[in-house]
Amino acid sequence: MSAADRLFAAPPFPRARRPHFLAALRETARAQQARFPVLRALYAREGFKPASLINELAVGRLPYFHVSVFKENDFRPAAPFRAALTLTSSGTGGQKSRIVLDAGSLRRVKEGAERVYGALGMVDKTLVTNYLCFTYDPRQARDLGTAFTDELLTSFTARGRVHYAISRPRPGAEFRFDLEGTLAALREMAGTGLPLRVLGFPAHVLFTLRAWRERGWPSLRLGKTSWVMTGGGWKGHQGDAIPKDEFKAQVSSWLGLPAANIRDLYGLVEHGVPYVECRRGRMHVPDYARVIVRDPRTLEALPYGRKGLLHLVTPYLTSFPSYSVLAGDWGSLAPRCPCGTAGEILSLHGRAGKSPAKGCAVTAAELLK
Numbered sequence: 027m028s029a030a031d032r033l034f035a036a037p038p039f040p041r042a043r044r045p046h047f048l049a050a051l052r053e054t055a056r057a058q059q060a061r062f063p064v065l066r067a068l069y070a071r072e073g074f075k076p077a078s079l080i081n082e083l084a085v086g087r088l089p090y091f092h093v094s095v096f097k098e099n100d101f102r103p104a105a106p107f108r109a110a111l112t113l114t115s116s117g118t119g120g121q122k123s124r125i126v127l128d129a130g131s132l133r134r135v136k137e138g139a140e141r142v143y144g145a146l147g148m149v150d151k152t153l154v155t156n157y158l159c160f161t162y163d164p165r166q167a168r169d170l171g172t173a174f175t176d177e178l179l180t181s182f183t184a185r186g187r188v189h190y191a192i193s194r195p196r197p198g199a200e201f202r203f204d205l206e207g208t209l210a211a212l213r214e215m216a217g218t219g220l221p222l223r224v225l226g227f228p229a230h231v232l233f234t235l236r237a238w239r240e241r242g243w244p245s246l247r248l249g250k251t252s253w254v255m256t257g258g259g260w261k262g263h264q265g266d267a268i269p270k271d272e273f274k275a276q277v278s279s280w281l282g283l284p285a286a287n288i289r290d291l292y293g294l295v296e297h298g299v300p301y302v303e304c305r306r307g308r309m310h311v312p313d314y315a316r317v318i319v320r321d322p323r324t325l326e327a328l329p330y331g332r333k334g335l336l337h338l339v340t341p342y343l344t345s346f347p348s349y350s351v352l353a354g355d356w357g358s359l360a361p362r363c364p365c366g367t368a369g370e371i372l373s374l375h376g377r378a379g380k381s382p383a384k385g386c387a388v389t390a391a392e393l394l395k
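Count along the sequence shown starting at 1, add 26, and that's the number in the working numbering.
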């Protein structure tokens, strides 16, 4: 068993950080260095050696690329290589990252996600559950990261009916949000007596809530075995965004489930590790990853409580050079949460501007020459 496999076979929120993470990170850094010339060039430029990853402080010295680099360059692994899954992530201007997962990386990302959600009380393989997914139908968008994520989330219970709200009305057509079909599916599912899980983009959840209210239909009573699990942010609908507490209050009243059962997650297709809210509404950092908050001007690591750019590190990924990536998001860290679950707490503070990305992209272009 590899060091990365041992790490992802362990619980996600230990009371103390284990040495498994550093061993797995050294292993992945060496494998990535051997596989990708662009990383060999970056390591040489920064004077970095994978063997130097001997303690947590050294993780902060790990070189990285900004996430935009992966939208502007194709980093397919060189042959011989067998891909188990390829995912894309849309961005501004239609730019997409193309993430290639080998069998080991795919297995670890699935195992890690299930262990994270399980530790937070959201996995029950015996409970038959219906799903209303406010995301792309994976039968039509199998390579989209958001579709992959929500299809994975439907595996955390026994599946009942699954309805996808965003689909193509006919082959070759643009994806569209089918509001009327979604309202009909929700009414049907609510009448089955089975628990319901609502997944996907919060904006589409809110649009459906408002349409339900406009029709004068009564609120539902789904109960404590039902959940709302949002992700993906308000991309493209920032003008419709409402405060998180207000969103939870409205959705809780509409669906008739506890506000504590409404959880948001943060993640990137390029990174793969989910940061999921606990019952107190705080996102916990699992032991499968490290988050470093960096000053946007100097890129130096910042202490707890300071807002900066998020540098995300995980050793699960051996087939794509984004295991160390600077995200385009503002965030901050806190050491612990009063809920009792271990792990640092990640708070999000919105999207960052493009100027830091520009400098990182120039560096990547130079290394690719």
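Since the hints were derived computationally from the structure, they do not count as laboratory data. For every residue, glycine included, the Cβ atom is placed at its ideal position computed from N, Cα and C. Among the hints, a few may not be true.
To be verified - Mimicking EDC-like on lysine to aspartate or glutamate, the simulated pairs with C-alpha atoms at most 16 Å apart in a straight line are:
#1 K122 to D100
#2 K261 to D290
#3 K270 to E240
Stated by the list, open to error - With beta-carbon atoms standing in for the labels, derived distance ranges:
#4 S373 to A184: 28 to 36 Å
#5 R305 to R102: 40 to 48 Å
#6 R377 to A36: 29 to 37 Å
#7 R133 to R362: 40 to 48 Å
#8 A35 to R185: 23 to 31 Å
Now for the hints, and whether the structure bears them out:
1. K122 to D100: Roughly 10 Å between the alpha carbons, so the hint for K122 and D100 holds.
2. K261 to D290: 14 Å, holds
3. K270 to E240: 22 Å, violated
4. S373 to A184: 28 to 36 Å: With a Cβ separation near 34 Å, S373 and A184 satisfy 28 to 36 Å, so the hint holds.
5. R305 to R102: 40 to 48 Å: 41 Å, holds
6. R377 to A36: 29 to 37 Å: 33 Å, holds
7. R133 to R362: 40 to 48 Å: 30 Å, violated
8. A35 to R185: 23 to 31 Å: 25 Å, holds
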